[in-house]
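There are 2 protein chains.
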Amino acid sequence: MKRTTFLLVMVVTLACVAGFTAIISRQAAAQEAAPIFVKKIPDGYRDWKVVSVAHEAGDLNDIRAVLGNDIAIKAYRDGKLPFPEGAIVGRIAWSHVASEENNKTFGREQSFVAGSPTDAYLQFMVKDSKKYAATGGWGYSSFDKDGKPTDEAAMKNCFPCHQAIKDRDFIFTKYAP
Amino acid sequence: MKRTTFLLVMVVTLACVAGFTAIISRQAAAQEAAPIFVKKIPDGYRDWKVVSVAHEAGDLNDIRAVLGNDIAIKAYRDGKLPFPEGAIVGRIAWSHVASEENNKTFGREQSFVAGSPTDAYLQFMVKDSKKYAATGGWGYSSFDKDGKPTDEAAMKNCFPCHQAIKDRDFIFTKYAP
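Just so you know, the sequences run in chain order C and W. The first sequence lines up with residues 0 to 176 when you count with numbering that gives the first Met the number 0. The second sequence lines up with residues 0 to 176 when you count with numbering that gives the first Met the number 0.
Keep in mind the hints are simulated off the structure, nothing from the lab. All values reported here derive from a predicted model rather than from experimental measurement. Cβ atoms here follow ideal geometry from the backbone N, Cα and C, with glycine treated the same way. Among the hints, erroneous ones may be present.
[What the hints assert, rightly or not] Computed beta-carbon distance windows for the label pairs:
| id | chain 1 | residue 1 | chain 2 | residue 2 | range |
| --- | --- | --- | --- | --- | --- |
| 1 | C | 76 | W | 70 | 36 to 46 Å |
| 2 | C | 148 | W | 132 | 28 to 38 Å |
| 3 | W | 83 | C | 43 | 19 to 29 Å |
| 4 | W | 152 | C | 129 | 54 to 64 Å |
| 5 | W | 166 | C | 132 | 31 to 41 Å |
| 6 | C | 152 | W | 83 | 16 to 26 Å |
| 7 | C | 84 | W | 79 | 18 to 28 Å |
| 8 | C | 102 | W | 166 | 39 to 49 Å |
| 9 | W | 165 | C | 164 | 38 to 48 Å |
| 10 | C | 57 | W | 79 | 36 to 46 Å |
| 11 | W | 145 | C | 127 | 16 to 26 Å |
| 12 | C | 100 | W | 79 | 16 to 26 Å |
| 13 | W | 115 | C | 165 | 25 to 35 Å |
Same shape as in the complex, but just chain C (with noise of 0.2 Å):
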């Protein structure tokens, strides 16, 4: 009987060990396949309304214009928070260059234009409550000037950063009056 029970328990301790694992294995496949980052660049956006414009100097270099699509421009011009489901917010990046044409016009130098697209040409945070969960809501996607997606690795360093305004639903630009 000693025996009998014995074995009972390890039966039941081995099958719920093997049970556990495969639930956790599961678990852990999902997550890898989780689309994290967004691989298509999203239809029409070169039509999409102005949320804002910056410039980033240092090594980036560049001038840029915050878009959004339908969506997302009435969430910003509600004050609406989180942004709803189907929101998008792009930006362009085009290289920051002095136009010497202008600067002949004003008589001294200091203007400067949206030049070539850059490296990190095109960003979109795209939102998507269920589908990108894990970070924050937004799926991000970032390409360069012919297309191409970033790498993975690089896009890992998205969410980490935008965490950092997660009052504002992880967006940092705000809308341009």
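Put chain W on the given structure of chain C with help from the hints.
Relative to the frame of chain C, chain W by itself:
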């Protein structure tokens, strides 16, 4: 007979002078009344598509978005010059301010964003070849942060500067990719 002829010549001459004077003064009045400068902010400009972005350093110290209504954007994208009737190109200028929040996240001083509207917040060029024939077919307008039009005296500087780029139909800003 001689006296009659003389009087007739005098009457005709005076009539001609009077008529000519009337024509000239009507022309002068028409020219003075010509709507060189536009005094109304175009409806819905904040929804327009992006032509490009720019940064004016120095005294202006602004960052700007150049937008176009649908007619202007189509012409830009089609590379069509001169711009068709009804085209409007606008620009919004915000103060160019360092973003402490962004700099903190980036870990370096590099980020500038759009601050409050500048003294020359909004400017538009409205294409109407007949109405604005005297200034290359474009009506110029400029408004401060409260929507007040800029003084006419200052507006007289618009067209002379834009004449530098007559071959691009007087529009400085090029379409950003």
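Evaluation of the provided hints:
1. 76/C - 70/W: 36 to 46 Å: With Cβ atoms ~25 Å apart, the hint is violated.
2. 148/C - 132/W: 28 to 38 Å: Distance hint for residue 148/C, residue 132/W is violated at roughly 51 Å.
3. 83/W - 43/C: 19 to 29 Å: holds, 23 Å
4. 152/W - 129/C: 54 to 64 Å: For residue 152/W and residue 129/C the Cβ distance comes to about 60 Å; the hint holds.
5. 166/W - 132/C: 31 to 41 Å: Since residue 166/W and residue 132/C have Cβ atoms about 55 Å apart, the given range 31 to 41 Å is violated.
6. 152/C - 83/W: 16 to 26 Å: The hinted range 16 to 26 Å is violated for residue 152/C and residue 83/W, with Cβ atoms some 48 Å apart.
7. 84/C - 79/W: 18 to 28 Å: Distance hint for residue 84/C, residue 79/W is violated at roughly 39 Å.
8. 102/C - 166/W: 39 to 49 Å: violated, 19 Å
9. 165/W - 164/C: 38 to 48 Å: Roughly 47 Å apart at Cβ, these two residues keep to the hinted range, so it holds.
10. 57/C - 79/W: 36 to 46 Å: holds, 38 Å
11. 145/W - 127/C: 16 to 26 Å: violated, 41 Å
12. 100/C - 79/W: 16 to 26 Å: holds, 21 Å
13. 115/W - 165/C: 25 to 35 Å: holds, 26 Å
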